[in-house]
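S.K.: Chain residues, written in single-letter form:
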Amino acid sequence: MSSSHLLEIRNLKTCFYLREGIARAVDGIDLTIDRGETLALVGESGCGKSVTAYSILRLVPSPPGKIVDGEIFFEGENLLRLPEKKLREIRGNKISMVFQDPLTSLNPVFRIGMQIAEMLQVHRNKRKREALDYSIELLKDVGIPSPEQRIYDYPHQMSGGMRQRVMIAMALACEPQLIIADEPTTALDVTVQAQILDLLRHLKQTRDLALLLITHDLGIVAETAQNVAVMYAGRIMEYTDVATLFQSPLNPYTQGLLLSLPRSGGKRLTPIKGVVPPILNLPLGCKFSTRCPYVFEKCTTEEPALINKQGAGAKRHLVRCWLHQ
Amino acid sequence: MEQVLEAIHLKKIYPVSAGMFSRSPLFLKAVDDVSFALEKGTTLGLVGESGCGKTTLARLLLSLEQPNDGKVIFNNHNIYELKGEQKKQFRRQVQIIFQDPYSSLNPRKNVGSIIGEPLLIHKTVPRSEVSSRVMQLMDLVGLQKDQITRYPHEFSSGQRQRIGIARALSLNPQVIIADEPVSALDVSIQAQIINLLQDIQNRMNLTYLFISHDLHVVRHISHRVMVMYLGKLVEFASNEELYNNPLHPYTEALLSAAPVPDPAYTKKRILLKGDLPTPLNPPRGCIFSSRCPIMKPDICLAKHPPLEEKQKGHFAACYLK
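In order, the protein sequence lines correspond to chains B and U. Numbered per the numbering used here, the first sequence spans residues 1 to 325. Numbered per the numbering used here, the second sequence spans residues 1 to 321.
Don't take each hint at face value.
Stated by the list, open to error - Pulled from the structure, derived: some chain U residues nowhere near chain B, Cβ distances all over 10 Å:
#1 I148
#2 I194
#3 L276
What the hints assert, rightly or not - Just the calculated beta-carbon pair ranges, DEER-fashion:
#4 B:T270 with U:I13: 41 to 49 Å
#5 U:E154 with B:T104: 52 to 60 Å
#6 B:V68 with U:E154: 55 to 63 Å
Hints in this document: simulated from the structure, not taken from any laboratory. Positions of the beta carbon are idealized from the N, C-alpha and C atoms, including for glycine.
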């Protein structure tokens with residue numbers, strides 16, 4: 001069955017088989033991304049947002065990880081059913097990835113020009129000289145000054161922001177339709193973060209890219225994304241457009257996250273009480289029930305479904321909570 | 001306002017080897033002529049990007065490093081001249097909370113001995129009362145008393161940070177230097193720790209130096225804020241004044257770069273060109289001149305501007321404001 005979306009994830013389940021038990025890192029996720037859309041996946045550490053991203057390109061380390069169920073359609077093809085060889089034509093080519101830490105994701109013993117050129121040699125059958133020339137163009141696009149010289153640099157000769165630009169240039173090399181960016185600015189300083197986010201926005205507009213942005217920073221979500229899915233304990237708790245999420249969040253977890261943020265005015269913060277339950281020992285029923293201020297009996301026994309609550313003017317507002325069923 | 005601790009023209013320079021065959025070493029000015037005072041019972045926020053000297057400054061204030069120049073006055077004494085019992089006394093009064101709650105706790109010790117160790121070393125309470133004092137501290141920071149025999153790996157990152165806070169509080173300090181205490185935590189936990197820090201400040205009349213790169217957090221917790229760039233103070237003002245009326249172009253750019261969690265909020269974003277220059281080879285003239293959007297070559301490239309009081313209580317180092 002094909003789909004009209006660029007990427008459609010249906011009922012994705014990814015587990016990690018550990019000595020201590022089975023960790024259900026992603027437990028039944030549905031997402032769609034259209035052409036030119038920016039979707040943000042937001043949540044705290046361990047909520048499964050990175051595992052979701054890695055599952056799309058089947059990069060989950062296996063063992064111990066395994067995608068146990070679900071379908072991921074990209075341009076009508078189920079990525080989870082594709083043979084490894086076919087998938088390699090998609091990875092880095094039609095879907096590419098930008099990782100959090102550019103120092104560990106670049107190869108320290110190759111010049112950066114060669115690393116970008118390699119993408120083009122592998123996926124586009126370009127000759128080395130041609131590929132290098134195109135790398136210079138790409139580096140210029142991502143705002144690296146004097147790229148003719150910088151292609152001969154090694155990763156350690158560049159700053160963190162520069163390295164992240166190189167990563168983005170690599171991700172762009174084969175003109176992908178979708179870029180998955182896993183915390184692309186977390187390791188960077190604020191002023192450099194602003195530059196990189198600005199670059200991503202600019203590239204998206206000029207190249208009609210779709211972006212799956214994984215972040216824990218609600219500020220970045222508000223400034224960069226159109227749609228947003230809030231994850232908790234391997235599930236989507238709320239899924240809507242950015243304006244609706246910040247104006248009228250329905251799920252108590254989303255509300256709690258927004259209230260935890262320091263704001264101007266110096267009023268006392270309202271944290272979410274308690275801690276995230278251990279992934280191997282999740283509560284029965286709603287996974288947020290152990291920390292939720294509105295918890296009632298049903299929450300602790302039965303898990304609510306993710307259902308559509310069409311708010312006024314919103315085209316889609318999915319929420320997983322018994323208060324809104 | 002009573003001053004608890006005062007830094008006067010602090011300077012720390014590290015020699016850096018320029019390579020095996022080079023004769024003259026390079027000098028890295030990590031902290032360059034920094035002066036300020038901590039006022040009793042208040043929080044001074046310190047913001048800046050990585051490598052601007054925030055942590056070196058913290059280490060200097062704790063007397064973990066010797067400065068090349070300048071002094072720190074605490075209880076009418078220069079802390080770098082203290083010896084013996086006086087030095088020990090100083091160590092009791094000024095404590096630190098670290099950023100990383102994983103590497104700052106000894107994994108082989110249980111919570112009781114981590115929090116109790118300073119008490120045993122400084123002998124502030126009799127040995128027989130150590131464990132009851134530890135339990136009292138655990139209660140204060142929101143840990144359960146029966147967790148006293150547990151080990152750090154059994155705790156979440158937020159709880160570990162509470163252990164670090166209890167350890168810092170164990171000797172009844174006057175000043176706490178918090179070096180990025182919430183940067184490693186998730187937002188929901190971050191809010192818990194910020195509230196805890198504010199509660200114990202009110203309760204014990206503590207003085208904080210709160211170091212962070214997160215401008216929203218600093219705004220929330222601080223009474224006064226200072227901004228560092230490449231080892232120098234570039235702006236220093238009360239919290240409200242700095243955030244509402246930033247004078248230094250670097251502060252302006254920092255504030256405009258911080259993402260605001262509100263999609264309806266539109267702001268003028270000042271994008272700085274380029275990266276932070278290496279502190280080994282800072283730009284000539286004003287240290288911010290290489291990235292400054294309003295730089296005027298004939299004024300700014302001659303000499304670094306002094307930190308001047310531009311408005312009452314509002315200091316900035318810029319010729320153009």
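S.K.: Against each hint, give a clear statement of whether it holds in the structure.
M.R.: A quick look at each hint next to the structure:
no.: 1; hint: I148; in the structure: holds (19 Å)
no.: 2; hint: I194; in the structure: violated (6 Å)
no.: 3; hint: L276; in the structure: violated (7 Å)
no.: 4; hint: B:T270 with U:I13: 41 to 49 Å; in the structure: holds (45 Å)
no.: 5; hint: U:E154 with B:T104: 52 to 60 Å; in the structure: violated (29 Å)
no.: 6; hint: B:V68 with U:E154: 55 to 63 Å; in the structure: violated (30 Å)
Hint violations for this structure: numbers 2, 3, 5 and 6, all remaining hints satisfied.
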